[in-house]
Amino acid sequence: MKLLVAVKQVAALDEDFEIRSDGKDVDPDFLIRDLNEWDDYSLEEAVRIKEAAAGGAAAVEIVVVCVGPEDADESLRKCLAKGADRALRVWDETIEGSDSIAVARIIAAVARKERPDMLFAGVQSSDHSFASTGIAAAAFLDWPHAAVVTHLTYTPGANTAVLRRELEGGVLHEMQLECPAVLTIQLGINTPRYASLRSIKQAAARPIEALSLEQLGVKPSDVGESGSLSRVRRMYVPDRGHAQMIEGSVEEQAARLAKIIKDLTGSAA
Amino acid sequence: MSDVEIVTRVLFEDFTPSAVGLFYALGFAAIALFFFGVYVQVRKYRRGAAASLGGNLSARFGAMIGTVLSHRTVARRDRPAGAAHRLIFYGFLLLFLGTATITLDYDILGPLFGVHFWHGGFYLWFSLILDVAGVLLAGGLAYMMYRRGWLRPPKLDYARPDRRPGDPDYDRSGYRREDWAFLWTLLVIVATGYVLEAARLVWLEGRPEVWSYRWWSPAGAVLAEAMRAAGLTQAAGGALRQGLWWFHGFVALLFIALIPLTKVKHIFTSAGSLMLRDPLAAQRLPGVPEDQQRVGAQFITDFTWKQLLSLDACTKCGRCHEACPARAVGAPLSPRDVILSLREFANKTLEAAELPAEAELDVHGKGPGQVAMETLWACRTCMACVEVCPVAIEHVPIIVQMRRKLVEDGQMDPLLKKTLQTIHKTGNSFGESRRKRAAWTKSLPFPVKDARKEPVEVLWFVGDYASFDPRNQKVTQAFAQLLHEAGVDYGILYDAESNAGNDVRRVGEEGLYEVLAGANIQSLSAASFKTIVTTDPHSFNTIRNEYPEFGGNYEIQHYTTLVQRLLLEGRLKIARQLGVRVTFHDPCHLGRFNKGYEAPREILRLLGCELIEMGRCRSNSFCCGAGGGRIWIPDPVGLDKPAHNRMREAAAIPGLQVYVVSCPKDLTMFEDALKTTGNEGKFVVKELIELIGEALRREPAVPAPGVAA
Amino acid sequence: MSGILLVAEIRRGELRPATAELVSAAQAARRGSDDRVAVAVIADDPQRLVPGVSLAGVDEIIAVKVAAPEFDPDTFESAVRALIEARKPALVLVPHSIDSFGYAAALATKGGYGFATDVFRFEYQDGALVATRGGYGQKVNVEVDFPGKDVVVLALRGNVFKPPEGGSSPAVTSFAAPDLQPRTNSRSFIEVSSADDVDMAAAEFILAIGRGIGEQAKVEQFRELAAAVGATLGCSRPVADAGWLPKSRQVGQSGKTASACKLYVAMGISGAIQHLAGMKHVSTIVAVNADAGASIFNVAKYGIVGDIFEIADALRSHF
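Protein chains in written order, with the numbering used here: chain A, 925 to 1193; chain B, 3 to 711; chain C, 0 to 318.
Hints may contain errors.
One side of the interface only, derived from the structure: several residues of chain C facing chain A at Cβ under 10 Å [as the list claims (entries may be wrong)]:
# : residue
1 : T108
2 : F114
3 : D117
4 : Y135
5 : P181
6 : A230
7 : S247
Simulated coverage check for chain A against chain C, where a stretch passes if three residues somewhere in it have a Cβ under 8 Å from a Cβ of chain C [what the hints assert, rightly or not]:
#  : region
8  : 1064 to 1075
9  : 1096 to 1104
10 : 1165 to 1174
Calculated from the structure, these hints are not laboratory results.
The C-beta atom is built at its ideal place from N, Cα and C for all residues, glycine as well.
Can you make the complete structure from the sequences, with help from the hints?
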């Protein structure tokens, strides 16, 4: 039994960031990298399924895959420390400039190679929030799929799973789908475990398998800009509206706020 | 008067050889039982992990003898108990030495070499000293009984905050029974000893070499006179002596045999614990060797043999229980009860002939003898317990080692988890970008040297709170101003500084600590400086005591040492005397941890402040509650907080104007507590640096309430 | 390649407001008089929903009758793709919503169409479609285009385009969706109920707290403050996820929308896009946060940079 979890190393902006000279992205000096917050949850869900099935018919293997350059190894090590059995990474320069669909193509190729019973991804990434990669991979695989999963009942190897999608307004939609399937996992589905630094250090001794596009049967023209369904023209810092700031001492600020409240709610001053 | 030289006590007088033989048989049986008991205890300790001891054994032994003879540690914070225990100790010691002397004469030197010395003048002085010794012992025992029975200090009821009524190990009456049994047994031995002595005197009143010298055994003589006056005849005295002799001997031998199995073993274990003590136990926590499989203490056998021995040293004196700030506010932690739980657990599992299966050796949990995680997480690692323990038990490393296991398993408050992840990611507990670490320098009217780029004389290790917390940033800026005015050549590490790791280590995240220490040592090694100064006692402690193990050997001082020197050298000129009434809160990591009590006080004196000490000051300072990672763990709703408890203590000082701190966490905790305890407006909380700043200027920055304008 | 195809969003037999927003967005995309806006209504009884979609700016309603009674990703994906292949619209608009998360990327992948999500602005520049979305946690804007793509699918951010005013009488046509064996089936809808029966959507004055309050023990102070000032207490997602307040009080994309709210005071809330989705439309927003760079200050009308506890304390004394 195998669960494949696609993870992303995302980037957050540091103080005083600058757009790089070609105007299409931020200068990498100002990017702080970390494992995507949603991936903590999808990996944790996979580990829980594995632990629930422990002692059963067959062991469950959890494989994490990341499309990213070498510095993504840090996030993959964290995943190994949290309970993943194997880690795979795919990267070469031709992948640069890929949108989430091109990345999904690669992930789907990994899934064809690994033949897992389920593929998990996060609903979206905290940096660019495409919310597309997982479902696009499902399309490449032509697998059943569901997004924004906030509750899952699944036994490894079963041919159906029951899940709940978290809809707008807090309503849950319960559905049953055929497996193998692709699920994008939402925050709050579980409480991700803590990976101690020691376990992460120990994971550093475990290998991360690097896969090439060739091994996956993916052509260079299928990735990068040519393999994408959109292309970045430019990135810029927008002029933003800004609130009128209330200055002064705490008392002055609170008094002003009290006045705003009383004016608008019509209570006696 | 007979020739004094022949005066002695005839041992086994009128005993048949078989009676003597019986006595010796009982004696050897008692000694054998004693040694078997010792064997069981030693086997228990040896089932623990290996321990490395620093220093040489003879120096340690000498120090221990000195400590024990002076009873300095027993008298601390409980002088009556100290005095009474001195009586018991010296009484018992003298009586023991007395018996050993007799054995030496009668069983060794006599039969082997025909040498006898226990007679004549020696014998008489011997008798007198031992009689007095017995009275001392009885006096001490009587006081202890009065203390337990009448005075009833709360700590002696052994009520424990980490169990609820109904839990199997909640009831402590077994301990109280054992305590009383110990007192009574010794008292019975002493009392019967005197009666026995008196009976013998009456029995031998016809023998001048006994009767004329009876006043060399004054207590016995008084009793003998009383008994005679009551009508005791010589023959009756003899019979009484015979019966009491066997009773007294039997009880005494039983007592000896049971030493290794009862509280009495503290005679050896306390001495052992004192001899093996690590004076930096809480300041310099043990590292984890690279090759170690499991991290932290999960099983009782993960503790070292030294730790297992120290568990047996505890005499339930309760000083740690009283000193603990967590216990004081009702948290489910008493250092005493952690030690006693582990001891009960060790006795239950490690005294058996066969070591039980590993699963039964897990000390974590809520079962009898186990320690719950709520208990472990309540600790502030303030080391008040370690500092006051008369027998040098080291509670803090035990708690931290158990925390290491909890951290491995992720068993901690979600906020703490998040903070550790944040520290790993950004190098600080605020989650701010590294680039913002020196943002506080931007508003200064002078530049602050970058120690990464140029050599400096003094490297200022700023610390997280001092760098990022808005209130503390003001203090940091004020300190920069001080250094600038004094013309000190100083610099900071800017983005190359990370959280020093002191609290991360005390939380038990040793892996993250290694990362932080490694990063800081790398930054420090790349810089060029003579000495490090810091305004953060936590950073001070870990850089001073713990970084050397990781290759970072630096001379470091807390700012109070540096500033005291600057003031005395006149490089900082005091423009006015402040004339305010202050009290000083000794920060745990500066005071108790590193004995830095004097410099702040000297500075306050130079500033012209009137210092009124709080009751709990210097080594007994009461922790603000933020240590041990607790500043990253939400406080349980409804419980009091250590900072509030401390504020109330300060508020009791009449006319107090300023509560002086010299630690960023103290500043944060106490400013908060000032408001929450309703003391806002009565006095203010200030960092010592701020007071210094005020004294260097002609006019005050902001008048403290109560100061006449 | 012409025409604009919109996909209506339907839940439990009702049209969702996002559908109307697509209609107004589509008007800006018309490049000529013969660029027609058509709305596909994919449901088991599409005719019933026709009146609700007869909005100003809609030229045609395509009724697509399907077997699935509720949203099903395979059904929507195959129906919309069949529509696209039959009609070849230049532009396809869907809402950037939980439902579209489930099928839009699959649709674009299988069809090889241009694709961008969470788009809040788009226009034709020199004949080429340029869409603008956010990047790096909404701290920057990113312009994307779709070279060589005849059909582009855009998922539009909600609450950006105002619904159209007025109605219309569009032509109603039918389209036969392809037969398929669905691989998912809908079982039930579950309201997340709690003892707390607050109606966030009806509240006119909301005081919301976020991660900045730090710990559960601090909630009480704000609960009391909200009562004192006459506000309904709300929160952002991290507070509800941590269990400090019931989910019923969560405002945001997966929580409630502050639909009736006129005054929203956000304390200790940074302004993550998911939270803004639930409240940024409110006419008066006051944000209190210790971080001067928090995104919430970009949508708020008034802002206070300060310690939320101190401000709360001081505010309390005025009521």
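Going down the list of hints, with the structure as the test:
1. T108: The hint holds - T108 (chain C) has a Cβ within 10 Å of chain A, the shortest such distance being about 4 Å.
2. F114: holds (4 Å)
3. D117: holds (6 Å)
4. Y135: holds (5 Å)
5. P181: holds (9 Å)
6. A230: holds (8 Å)
7. S247: With Cβ-Cβ at 7 Å, under 10 Å, it holds.
8. 1064 to 1075: Held - the region 1064 to 1075 of chain A has 6 residues with a Cβ nearer than 8 Å to chain C, which meets the minimum of three.
9. 1096 to 1104: Coverage by chain C holds here, the residue count being 7 at a Cβ distance below 8 Å.
10. 1165 to 1174: Contact hint for the region 1165 to 1174 of chain A vs chain C: holds, 7 residues under 8 Å.
Of the hints listed earlier, there is not a single one the structure fails to meet.
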